[in-house]
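Trainee: Chains as they are written, first to last, in this note's numbering: chain A, 1 to 343; chain B, 344 to 630.
Mixed in with the good hints there might be a few duds.
Taking beta-carbon pairs under 10 angstroms as the criterion, some of the chain A residues facing chain B (in silico) [to be verified]:
(1) Val17
(2) Ala65
(3) Gly68
(4) Leu124
(5) Ala253
(6) Ala316
(7) Gln318
These are computed hints drawn from the structure, not numbers from a lab. Glycine residues also receive a C-beta, built at the ideal position from the N, C-alpha and C atoms.
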Amino acid sequence: MAEQALAYSLPVDTRTVRLKWMVAALVALAAIAVLPEVLSNYWLRTFISATALAIGSLSVSLLFAQLGMVSLAQYGLLGVGGWFALRISHGFGVPFELALLTGGIVAAAFGLVVGLPALRMRGLYLAIITLMMAGAIQVLISAFGFPDGGAGFLGKSTAARIMMARPHLAPTDEAYFRYAMVVLALCYGVVFLHVRGRPGRAWAMIRRSEVCALAGGVHIVAYKVWAFTLSGFLAGIAGGLLAGGVGQLDGSAFPASQSILLFALTIVGGAYSWMGPIIAGLMLRAFPALLNDFHVDGNIATIVFGAGLLHSLMTAPQGMAGQIQDVAAALRKRFAGKSGAGR
Amino acid sequence: MPDFTPFFVSGLATAATYVLSAVGIVVLYRASGVVNFSQGALGALAAFVSWSIVEHGGPEPVAWFAGILVSTTLAFLYGRVLAARLAFSDPVMRAVATLSVALILLGFMGYVWGEAPRRLRLPTDTMSFELIGVRVTGTRAVAFALAVLATVAVMTFLARSRLGLQMRALANNRDLSAMLGVRVLRADGYAWIISGGLAGISGILLADLQRLSGQTLTFAVIPAIAAAVIGRFSSLPATVAGGVAIGVCEALLTPVPVIGPFRTAVPFLFAVVALLWMQRRFTFAYR
Numbered sequence: 001m002a003e004q005a006l007a008y009s010l011p012v013d014t015r016t017v018r019l020k021w022m023v024a025a026l027v028a029l030a031a032i033a034v035l036p037e038v039l040s041n042y043w044l045r046t047f048i049s050a051t052a053l054a055i056g057s058l059s060v061s062l063l064f065a066q067l068g069m070v071s072l073a074q075y076g077l078l079g080v081g082g083w084f085a086l087r088i089s090h091g092f093g094v095p096f097e098l099a100l101l102t103g104g105i106v107a108a109a110f111g112l113v114v115g116l117p118a119l120r121m122r123g124l125y126l127a128i129i130t131l132m133m134a135g136a137i138q139v140l141i142s143a144f145g146f147p148d149g150g151a152g153f154l155g156k157s158t159a160a161r162i163m164m165a166r167p168h169l170a171p172t173d174e175a176y177f178r179y180a181m182v183v184l185a186l187c188y189g190v191v192f193l194h195v196r197g198r199p200g201r202a203w204a205m206i207r208r209s210e211v212c213a214l215a216g217g218v219h220i221v222a223y224k225v226w227a228f229t230l231s232g233f234l235a236g237i238a239g240g241l242l243a244g245g246v247g248q249l250d251g252s253a254f255p256a257s258q259s260i261l262l263f264a265l266t267i268v269g270g271a272y273s274w275m276g277p278i279i280a281g282l283m284l285r286a287f288p289a290l291l292n293d294f295h296v297d298g299n300i301a302t303i304v305f306g307a308g309l310l311h312s313l314m315t316a317p318q319g320m321a322g323q324i325q326d327v328a329a330a331l332r333k334r335f336a337g338k339s340g341a342g343r
Numbered sequence: 344m345p346d347f348t349p350f351f352v353s354g355l356a357t358a359a360t361y362v363l364s365a366v367g368i369v370v371l372y373r374a375s376g377v378v379n380f381s382q383g384a385l386g387a388l389a390a391f392v393s394w395s396i397v398e399h400g401g402p403e404p405v406a407w408f409a410g411i412l413v414s415t416t417l418a419f420l421y422g423r424v425l426a427a428r429l430a431f432s433d434p435v436m437r438a439v440a441t442l443s444v445a446l447i448l449l450g451f452m453g454y455v456w457g458e459a460p461r462r463l464r465l466p467t468d469t470m471s472f473e474l475i476g477v478r479v480t481g482t483r484a485v486a487f488a489l490a491v492l493a494t495v496a497v498m499t500f501l502a503r504s505r506l507g508l509q510m511r512a513l514a515n516n517r518d519l520s521a522m523l524g525v526r527v528l529r530a531d532g533y534a535w536i537i538s539g540g541l542a543g544i545s546g547i548l549l550a551d552l553q554r555l556s557g558q559t560l561t562f563a564v565i566p567a568i569a570a571a572v573i574g575r576f577s578s579l580p581a582t583v584a585g586g587v588a589i590g591v592c593e594a595l596l597t598p599v600p601v602i603g604p605f606r607t608a609v610p611f612l613f614a615v616v617a618l619l620w621m622q623r624r625f626t627f628a629y630r
C-alpha cells in the first residue's frame with residue numbers, strides 16, 4: 001500500500017498549470033485592451049454579437065459536456081432573456097446591469113421549465129422536446145415582438161423604436177465591446193467554479209451512470225435542475241447583452257433554425273473545451289460577416305455549418321478546439337523533442 | 344361562435360401531410376433507430392424541385408415524380424453512406440446528425456430559391472366537391488386519401504412482407520437480427536427509401552396547401568415528430584391519431600380570437616402531455 005501511495009504523483013505539473021492560467025489571463029486582458037481599437041465600426045458590432053453568442057454557446061456546452069444533454073432551445077432562451085431585459089429597461093429605466101440580470105433570471109426560470117420534464121427523459125426525447133420548445137418560443141416571439149419603448153405590457157411602440165439604454169460604464173461601441181468581454185469572462189468564471197466544484201463532480205457522476213450517482217448519494221434531480229437553471233441564466237444574459245449591443249431586437253430573428261445552428265456550432269467549435277464557445281460565437285457572427293465582405297450569400301454559411309456538424313460528429317467529436325489542442329500538443333512534443341536532443 | 348366546419352376540413356388535409364411525414368419517421372425509427380429531423384427539409388427540397396420543373400415548362404406529373412425521386416434518393420444516400428458510419432453511436436447523436444442534413448438543405452434552398460413567397464400549384468386545386476356543406480378542393484381530398492393509403496400500405500407491408508418482418512426484427516434487437524441473418528443494411532436502405540418517398544409526397548402537398556418556403560416546410564417536421572412521439576415511435580395507429588389531432592386542433596384554433604396566433608405551438612403541447620403521460624411512472628435513473 002505504501003509503495004502505491006508513493007508511486008502516485010500528480011499527473012499535471014502545478015507550475016505549468018499556473019503559468020497557463022496567467023498566460024490565458026494576459027491574453028484576455030490584451031484582447032480587451034487592443035481589439036476594440038483596431039476594429040472598424042462594422043466589425044466592432046459583429047464582435048459584440050459574437051461575444052454575446054459565445055455566452056449562448058457556453059450555455060449549450062454546459063449541458064452537453066457536463067450532462068450529455070442536447071438542448072435545441074437555447075437560442076429561444078436567448079430571445080426570452082432579451083425580451084425581459086428590454087422590457088425592464090424600457091419600462092422602469094433601470095440600470096443596464098439590473099436589466100441584464102432580470103433577463104438572465106427569467107430565462108433561468110424558463111430553462112427550469114424545460115428541465116423539469118427532462119428529468120424523466122432520456123437524451124433523445126429531451127432533444128425532441130427542446131426542438132419543439134424552440135418552435136413554440138419562435139411562435140411567441142413573432143406574435144408578441146420585442147418591446148421597443150411603447151406602453152402596455154408588450155411595450156410595442158407605434159412610433160419610432162427606442163433603443164435600449166447602454167450601461168453607464170460603456171456608452172460607446174468600443175467600451176461596450178470591452179464590457180461584453182468582461183461579462184463573458186465572468187460567465188466563464190461561474191461555469192469553471194461549478195465544473196471544478198461540487199456540482200461538477202456530481203454532474204460527472206450522473207453522466208457516467210445515474211444509478212451509481214444515486215447510490216453515491218448524489219441528488220440527481222437537484223443537480224440536473226441546477227444545470228438547466230444555470231444554462232438558462234447564461235442564455236438569458238447572452239440575450240440581454242445582444243439586446244444592449246444592437247439597442248433593439250428583431251422579432252423575426254429568433255427562428256427555431258437559429259437554436260439548431262447554435263447547437264451545431266457548439267459541437268463544431270468543441271463543447272468539451274473552453275475555446276469551443278468562443279469559436280462558436282465567432283463562427284455564428286464573424287464568419288457570415290466575412291462572407292458578406294466578399295459578397296458571398298449568407299446561406300453558404302448555413303451549408304458550411306451543416307457540413308461541419310456532420311464532420312464533427314463522425315470524425316472529430318472534440319470539435320475544432322480539440323483539433324487546435326491536438327496541433328498544439330504535437331508542436332510542443334516536437335519542440336520538446338528537439339530541445340531534449342540538444343541536451 | 345365562428346363556423347368551424349371549413350377549418351375542420353382544411354385541418355384534416357394539413358393533418359394528412361403530417362401523418363404522411365410521421366409515418367415515414369416512425370418506419371425509419373423502427374428499422375434503423377434514427378429519428379430523422381430532416382424529414383421536413385427533404386419534403387421542402389422535393390417541393391422546390393417540382394416547382395422549378397413546372398416553372399421551366401416541364402410536364403407536371405414528371406415534376407412531382409422528379410421531386411419525390413430527389414428526396415428518396417437523398418434519403419437513401421444519406422442512410423447508406425453517412426448514417427451507416429454513425430450506426431454505433433448514441434441515438435441522440437444519430438438524430439443530431441440528421442439536423443446537419445436539415446441545415447445543409449436549408450442553406451442550399453435559401454441559396455438557390457430564396458425566401459420569396461410562393462405556392463406550388465397542383466391541378467387538383469381547381470377541382471372541388473361539396474361535403475357536409477363545405478367545398479372540398481381536390482388537393483385536400485387527395486392528401487387525405489394518400490395519407491390513408493400510405494398508412495394502410497405501410498402497416499400491411501410491415502405485417503405481411505418478409506422485408507417488413509426483418510424491419511420489425513431490427514426494431515426489436517439489432518444485434519440478434521443480424522446474427523440470425525437479417526441483412527441489416529438492406530432493410531435499413533429500404534426504410535430510408537420509404538421515409539424519403541413519404542417525405543417528398545408530404546412536402547409537395549404541404550407546399551400546395553400552405554406555402555412553398557424552405558423554413559416553413561423544414562420545420563413542418565415538428566408536428567410530424569410530435570405525432571411520432573404520441574405513437575411512441577412504434578405504434579402507427581397512435582401516430583396517425585396524433586397527427587390528425589394535431590392538424591385538426593391547429594386548424595380549429597385559427598378563428599379563435601386570442602389564442603389564434605399561437606396555434607402553431609399545438610404540437611409542442613401535445614408532445615409534452617404525451618411524454619409526461621408515458622413517463623408517469625417514477626423511474627428517472629438510467630444506467
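Trainee: Next step is simple, just say for each hint if it's right about the structure.
Mentor: Hint check results:
1. Val17: 32 angstroms, violated
2. Ala65: 14 angstroms, violated
3. Gly68: Holds. Min distance 8 angstroms.
4. Leu124: 5 angstroms, holds
5. Ala253: 13 angstroms, violated
6. Ala316: 13 angstroms, violated
7. Gln318: 14 angstroms, violated
Taken one by one, the earlier hints fail for this structure at numbers 1, 2, 5, 6 and 7, listed in ascending order.
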